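**Student:** Listed below are the residues making up each chain.
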Amino acid sequence: METLEQIRDRLLARFPAAKIELVVNPGPAAEHSLLLDAAFAPEIATFLHDDEVLRLDYCSNATGIDWPEKEIIDATTKAKTVQPGYLEAVYHLYSMSRKHGPVILRLRTANRSDQVTLPSFTPVWKSCDFQECEIYDLYGIVFAGHPDLRRLLMWHGFKDHPMRRDYVAPDDYEWEPTPHGSVLDRAKVHYPATAPQPETPKP
Amino acid sequence: MSDPTRPEPVERAATPAPTPFPAAGNISDADREDLRQHGILLTSLEELYGWGRSNSIWPLQFGLACCAIEMIAAATARFDIARFGAEIFRPSPRQADLMIVSGTVTKKMAPLVVRLWNQMPEPKYCIAMGACAISGGPFKQGYNVLKGIDRLIPVDIYIPGCPPRPEALLHGLTELQAKIRGERVSGPQAARHLRADQPSEFPIPDYGEHDLEPPSNPALFKPPVLPRKT
Amino acid sequence: MSLFPHLTAPPGPTVRAVHDEFHGDLLEVSMGPQHPSTHGVFRMVVTLDGEQIVKLKPVFGYLHRNHEKIAENTSYLSSMPYTDRLDYLCSMSNNWAYALAVEKLGGLTVPDRAQYLRVIMAELTRLVNHSCLVGFLFNDLGTSFTPLLYAFREREKILDLFESLSGSRMMCNYQRFGGCRVDPTPEWLATASALVDNFPKFLDEYETMLSGNEIMLARTQGVGRVAAAQAINAGITGPGLRACGVDYDVRKVDGYGFYPRFDFRVPLGAHGDTYDRYMMRILEMRESVKILQQAFRDLPAGPVMDPKAKLRGFRPKAGEAYGRLEGPKGELGFYLISDGSPNPWRYRVRPPSLINLTLLEEMCLGHTIADAVVILGSIDIVLGEVDR
Ligand code: SF4
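Protein chains in written order, with the numbering used here: chain A, 55 to 257; chain B, 996 to 1225; chain C, -6 to 381.
Each hint should be verified, as a subset may be incorrect.
[As the list claims (entries may be wrong)] Subject to a maximum C-alpha distance of 30 Å in a straight line, what follows is the list of computed DSSO-like cross-link-like pairs (lysine-lysine):
{"id": "1", "chain 1": "A", "residue 1": "134", "chain 2": "A", "residue 2": "213"}
{"id": "2", "chain 1": "A", "residue 1": "134", "chain 2": "C", "residue 2": "310"}
{"id": "3", "chain 1": "B", "residue 1": "1174", "chain 2": "B", "residue 2": "1217"}
{"id": "4", "chain 1": "B", "residue 1": "1217", "chain 2": "A", "residue 2": "242"}
{"id": "5", "chain 1": "A", "residue 1": "213", "chain 2": "B", "residue 2": "1174"}
Treat the hints as calculated values from the structure; they're not laboratory data. Values in this document were obtained by computation on a predicted structure and should not be read as measured data.
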């Protein structure tokens, strides 16, 4: 298979106006990915799907990731900058006819609150259908162009997006038979003030 | 119970002790045995009623998660739940006496479990099979996991394990049979389904915006006060 | 917010008629989540014209146990037992898939003996899964338990092996990143190998009963067909894909573990219907037996854990990895992102059961409602994995 740089260059030649960035994976797996321009993403996806050499006909995995705001302290100037948070959708593409892969695509939203729309890949790869619903449900990314975007796992009427890092789960830890760790901390809220607080068991 | 973090055991609804030969007049067991050897069986209606019911329990064919596979295994040749008269799994709650809550009850599923329970006719019993049905088990920290089915419906037998082996389910079943045999048909100790003050149906929680509403049935589930030993 | 509020709203009465001016009176039936043949708590909202299905929407989430969220708040090692509970019929292959992803993420190596043991466990799991699946499929066809009894008889034998090795029948928690937890004794290997040698006998018996059964043929051939291109586009994997004739098996394509050392064939179907999906399972079991016999023959001596592997307090370098393998249900993948801390930043399971359901509606359209049950049975889902 072509290297990711070659694919990027080919895409840039085909879509000169698009912004395509190579995201380097520093880990030992070294599976690098392409960060796509949301505006051109559907065309790029169709291109990758139909391209004679690549033929990425199979989208194996589609998933969301939440990257909340991060404070970055510059090592030299000690100046603090806040890196804005965003939501990300990641797609792992393979080719069943050419038997190669993966090519990893990423899409990012502008922020985590109001601009959370990304183009849907379901028209190109139907396998994204349920997975994009799931991302919508758990992360709150709205996929424009998805034929039937609905909450997949939680019920209709549920308001939160539970896989986000700042989601607070309902507190039903009032009765814990054997609390420990974080469960113990959450259970303690429910102990009567006068009751002696249990200690964390010694290892 | 020397571990300070462990709470006192919770008071569960008291089960009347199984009485093998309950109040059949004033005849002693020895006398009855004597009569039996002459071909005369003496029994009480209560005893007969309990004996009959305990040996023909029809469970609801209803599995929730991994524990359900062990429930199926208990019904197959090796463990053979039919030996205990409980092999007729009914697909409809209207025909079942026993609900085996076999697996994780999620918040999305919980209202439906309560609805199934309400649809079952009395007398009915509930076995909470596995850590998940008892307390949420390994998935206790999940946002969508109900932390124990006893928050919404009354449970007769708890079978711990993850998953409990089929033998454990059979043990739970025999315990339930003992409980049924010990139930009285009248008086203050009468079985739950014969007492007017005991509800047979329970409110079905609604899907709320963040959680079930209400998250548990306050008439049924009272978190124990937790004066834990220091 | 939802485009189909009636699909996600709490179910009311399960049957209600809807009127549609084009179709006359259609009937909308909610099957499940408590239904004897939905294999757990799966719900389908089926719109019927007479007995024919004109629309089918699956509704998920009744077993959504927040596996991913829990895993993101715990260490890499403590997620291993949770993977057992994903697809609770195949805990060993789930373990392996997760171990594979973590090994990729941390750049760990696995000793040879452990690689062989992994193949043995994964193939035994495939035998368990496929034989049970066939039993369940026949339940859906109305045989009322008999084939399942045969399947569970064999399953118990394999579970006994798992139990004596790992301590638990179903939730084995056997594999670790960097190897396997315990080394089987020679007696264990001898018993396992004898079991595998006897397995074809069971398969023959099973097939004599089932494969040529007339009712079976009438109810499965030509039912629930999918075309190859459609299946690829919908991301169908595993036996369901190969039943359409697409030669794609991750064991061959990725050659993970030691699979390139084994000589086995990938059975392919031609029609993509329910019967082919059934046949794929039977043929795959025969291939698995071959793999297992080779594995028992060639199993090398040596350690089963990489001595350098650090299980507790494992902190991979920042990065990400996607590890996938050919599970009995299809391609099972784990996508992990590490930010250098002891807990994964993102932990994602690519569930084959969920994605194989993408085409359920297309498969069922035009068939009767009784066929929907059989088609669902032939897709082979486990709700623990669908909803996670
Ligand atoms: S108790 Fe364990 S085996 Fe049973 S449903 Fe829960 S996780 Fe699964």
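**Student:** Enumerate the violated hints, using their earlier numbering and listing them in ascending order.
**Tutor:** 1, 5
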